Amino acid sequence: MLNLVSILIGLIAVPFALVGVIPFPLVPMLNWVAFPIALFGAVIGMLSGSNTGRNLNFLVLLVSGVRLFLTGGLI
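Sequential numbering from 7 applies to the sequence shown in the working numbering.
A hint or two may mislead.
[As the list claims (entries may be wrong)] DEER-style ranges, computed between Cβ atoms: (1) L68 x V33: 26 to 34 Å; (2) V25 x F75: 12 to 20 Å; (3) G55 x F30: 34 to 42 Å; (4) P31 x L53: 35 to 43 Å.
Bear in mind the hints are in silico, worked out from the structure with no lab data behind them.
All values derive from a computational prediction rather than experimental measurement.
The C-beta atom is built at its ideal place from N, Cα and C for all residues, glycine as well.
Whenever a hint applies, use it, and build me the whole structure from the sequences.
Below you can see the structure in the form of structure tokens.
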């Protein structure tokens with residue numbers, strides 16, 4: 007059950023992360039929304055017995071985290 011919750015949280019975070027990759031002014035700030043959502047989903051995924059939800063959230067964390075790191079967290 008926790009894996010399903012983690013997958014649903016990850017599916018909520020994916021659109022924010024994908025739109026946040028677009029280099030248009032102020033749009034990359036959506037990564038600040040995607041990162042904590044995916045972090046929460048990854049924690050829920052770690053509590054479950056399966057790896058699917060955890061891995062999805064780690065992928066979202068990687069995409070939004072790299073984008074925030076490369077731009078210094080600003081844009």
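Hint by hint, here is what the structure shows:
For L68 and V33, the Cβ-Cβ distance of about 19 Å falls outside the hinted range of 26 to 34 Å, so the restraint is violated. Evaluation of the 12 to 20 Å hint for V25 and F75 yields a pass: the beta carbon distance comes to about 18 Å. Distance hint check for G55 and F30: the Cβ-Cβ separation is about 40 Å, which falls inside the suggested range of 34 to 42 Å. Range check, P31 to L53: Cβ separation about 38 Å, and the 35 to 43 Å hint holds.
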